[in-house]
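K.L.:
Listed below, chain by chain, are the residues.
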Amino acid sequence: MPRMTALNAPEVKASGSKIPMASTAVSGSFNDSADALARAHDTLGFIAGMVEAQLLGDSRNASRANQLKVTILAGFLGSGKTTLLRRLLLADHGLRLLALVNDFGALGVDASLISSASADTITLDNGCVCCSLSGGVARALDEVLARAEQPDQVIIEASGVADPGALAATLEVLPGITVDAVITVVDALAEDAGPGGTRLRECQVVAADIILLNKTDGLADAAIRSRLETLSLAAPSAVVLATSHCAVPASVVLDARRADVGRARSDAPGADATFWTLTLAANRQHERRDVERCIRELPHGVARTKGFLRIRDGEMDSAVICLQAVGRRWRWEDAPSEDIMTGLVVIGSSEVLDVEAAARHFAQAGFDIRGQD
Amino acid sequence: MSTLRVFVAKRIRTMDPGRPVASAVAVRDGRIVSVGTLESMQPWLRKASYEVDDTFAGCVMCPGFIDPHTHFRMSGIFMGLTYLGPIENRGPTGTSPGLPDRAAVIARLVQEHESLSDPDQPILAWGLDPAVQGGHLHRDELDAISSTRPIWAVTYAPHVVVANSAMLEVIGIDESTNIYGVERYPDGRLNGQFIERGATQVATRPVASQLNAPGVGEQAIRTLAATAQRAGITTTAEMVFGYLDFEREWQEHHKVVNDPDFPLRMLLVPIEGRIRAEHGERAADFLLGLRAQNTDKLAFHGVKFINDGSYPAMTLRLRSPGYLDGHEGHRGETPWEELVETMAPYWKAGVQIHSHANGDETVQMTLDVLEQLQLAHPRFDHRFTIEHYCISTPDQARRLKALGGLASVNNYFVHYRSQLHAEQGFGPDRAEATARLGSLAREGVVFALHSDYSLVLTPIHPLTAAWIAVNRIALDGKTVVAPGERIDVDHAMRAITIDAAHVLRRDHEIGSIEVGKLADFTVLDDDPFEVDPLRLNEVPVVATVLGGAVFPVDDSIE
Chain A
1 MPRMTALNAP EVKASGSKIP MASTAVSGSF NDSADALARA HDTLGFIAGM VEAQLLGDSR
61 NASRANQLKV TILAGFLGSG KTTLLRRLLL ADHGLRLLAL VNDFGALGVD ASLISSASAD
121 TITLDNGCVC CSLSGGVARA LDEVLARAEQ PDQVIIEASG VADPGALAAT LEVLPGITVD
181 AVITVVDALA EDAGPGGTRL RECQVVAADI ILLNKTDGLA DAAIRSRLET LSLAAPSAVV
241 LATSHCAVPA SVVLDARRAD VGRARSDAPG ADATFWTLTL AANRQHERRD VERCIRELPH
301 GVARTKGFLR IRDGEMDSAV ICLQAVGRRW RWEDAPSEDI MTGLVVIGSS EVLDVEAAAR
361 HFAQAGFDIR GQD
Chain B
1 MSTLRVFVAK RIRTMDPGRP VASAVAVRDG RIVSVGTLES MQPWLRKASY EVDDTFAGCV
61 MCPGFIDPHT HFRMSGIFMG LTYLGPIENR GPTGTSPGLP DRAAVIARLV QEHESLSDPD
121 QPILAWGLDP AVQGGHLHRD ELDAISSTRP IWAVTYAPHV VVANSAMLEV IGIDESTNIY
181 GVERYPDGRL NGQFIERGAT QVATRPVASQ LNAPGVGEQA IRTLAATAQR AGITTTAEMV
241 FGYLDFEREW QEHHKVVNDP DFPLRMLLVP IEGRIRAEHG ERAADFLLGL RAQNTDKLAF
301 HGVKFINDGS YPAMTLRLRS PGYLDGHEGH RGETPWEELV ETMAPYWKAG VQIHSHANGD
361 ETVQMTLDVL EQLQLAHPRF DHRFTIEHYC ISTPDQARRL KALGGLASVN NYFVHYRSQL
421 HAEQGFGPDR AEATARLGSL AREGVVFALH SDYSLVLTPI HPLTAAWIAV NRIALDGKTV
481 VAPGERIDVD HAMRAITIDA AHVLRRDHEI GSIEVGKLAD FTVLDDDPFE VDPLRLNEVP
541 VVATVLGGAV FPVDDSIE
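In the order they appear, the protein sequences are chains A and B.
Residue numbers for the first sequence follow this note's numbering, beginning at 1 and rising by one.
Residue numbers for the second sequence follow this note's numbering, beginning at 1 and rising by one.
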């Protein structure tokens, strides 16, 4: 059965008769007209974005061996989104990141870490780059793709009122771009934002692969659990994690271009302790549908699953392909070669799920444990 | 010499302050020969053969309305989709009723299917709300409506797509697909639902192609122009020309607008970023060169800059204290620090600059840029126009006047969205004082009213814009927001006629009923200067006249 959103839809006044424009001003309800406009505007933006992205895509030769991975970072200002972005740019993850942001000022990167700066670009000592996003994300990405040197991953800071799902859908149309994850940061302490605010929040949560319920330090466990449940209902495929100061390892939030089969490196004090890593051996062939079911039925708390598997698909010959899953959302990608070592790395939150429970789930799908920490 | 045609009316409001009222206007070869009474124009009538046209004898005529800022092609491609939402929606072909439940949605699709004469034409629909309409639609249900006509429908956010079997074929997807988010029935068959974004993207690709197909752009222009004509409009300006593909858009407009049945004059204002990307330093020269192709009906004009986001999407830029929730808006493609340098070539070459600024921080920046341009290269009558001017301050109106600038204002939001944004986004001070026309009027800044149709999805209806300007009544039907920013009826009518012509540098040709000008008129059933100002928006439009050719308004469409 298709899922419904847990957050309520706006009140609807069913009006069957045609109302002439003039008297709508007097008899139309406040929410109806404003909502009708908001909906139409939203859909127009979605479709116009798809059309534009498609046109852009068509205008470039689009056979790229390596897709550029894009992370969309969403959430209202004040949720902790900017803290997360700043930490990702400065963390020791070995990745060359390019961030597209609305406003440098709000980012607050320490001047001593900046190696060069221009009006619309900041380059950090560690090689990460931050560009000002002055409208036109599709075009900004198009320009990134045209560069000789590609970043390992792009992070786009979506505006506080953006619909990240529509943005993600639009970007996916661009050849050469894969949306790795939509990450929505939610302020656990925020009150309801009133009419329209609910709609915005709904958009951001529903579209997310990873939801960080942030600022939970100081909240009672019961309060945290209840918020986590609401969020999980609204976004059943997503990984919902309770955090404070958005302390999650970079390897949970980002995806390295090279599928490293290693430890979840941490960059915030205490972050390590809350995430475990499970390394699985994959010494045989797996049926594609079996693997997909395994991921679709993952227990809550598994953040990322990635690696290379030898896959059989019905009648077709087996091949080694790359599995990438964020929460329960999986995708398949080409492997660089047939000879690459197979195996999976799973990262999960120890606060939500025991590593043993996770290991049991994968064992049932035919994966052997190689190691864990 | 061709015959003089003399239109007689109950009253003609000329918008010529020297000769404001008449009852007859003589037209020849698309231009006005004389305005006055049948008696006063005898010196002309004695010299030539003439015929009196009394079709509008009981009506009131005024100059053809001008909406100087629209986007027919870009938004028109979307407007053709079938609406399936639960709330009433105003579209270009009329108001669509809300469909409150599943049965109503299905009935509407059946109706659409039966009304299309081409059996292969797909139905593309939007606005579904599964929470209210009994869950998502699915393939078998849609196949029951038609097993041969492709049907595609998208929900309102989160943009889930549903398709029937015929559409699945168009999408190119079959039962063996391995894309995440393509849903199935319990028996394993595809159920037509594309729920996750990768899947949605695949399902939308053919629609995006369809919306880019030959003929679609042209139909978009025609459909929205027809809506504009029913609202009494005779001239409009496309304000983001060349956004997708300059050459292609030119071909489309050239074909559609030059058709004698097309009821509007159009000006095309190219978007600067694209022109500069194509032509670099030669951009201003390129624009000047385009003028060789201009006709009375279709002409290139000016250049457009976009420097912040939009009002309803709350992506405009505000000064302190900013948005209620602290978020910030967008700035547009050209960095603000580079604007003076970027605008200078156009400024010097005499290409009129239209600069989009929705928020007061952007208006402030724009005034600073205009001041820099004036200091470097002083100009008179440059007609630098701030477009939208939604959130501003009275002191900014003074500066705008001092610098010689104009404003083209989207004031529809005063009625449709000011109360919403008082609580969400801008806060009460700025939301209530949206579109400070009174301040502009006090300072003597010439301004026009526009709709941006249909990128921000407010209606296109100049008499409603005028009604809003005069009354400033919010959506609740009773609250007057920022009463000191109201203007009088005469000024509001100027803002949709002669002052709008001035903004487009066409006031020597249109905008008033005077000898020598193009014979563009709007025919109304009542006199906007005499009706109760609270009912200004209800004055019916009977017809428009373009260069002397009559275009009646089709009454069957609301």
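Derived from the structure by calculation, the hints contain no laboratory data.
Everything numeric in this text was worked out from a predicted model, so none of it was measured.
All C-beta atoms in this analysis are idealised placements derived from N, C-alpha and C, irrespective of residue type, glycine included.
A few of these clues could be false.
[Unchecked claim] Computed footprint of chain A on chain B; a stretch qualifies when at least three of its residues, placed anywhere within it, have a C-beta under 8 Å from a C-beta of chain A: (1) 83-90; (2) 193-200; (3) 306-316; (4) 325-336.
K.L.:
So, for every hint listed, does it hold in this structure?
P.N.:
Quick rundown of the hints versus the structure:
1. 83-90: Per the Cβ count (6), the hint holds.
2. 193-200: holds (count 6)
3. 306-316: It holds, with 6 qualifying residues against the three required.
4. 325-336: holds (count 11)
Every hint from the earlier list agrees with this structure, and none is contradicted.
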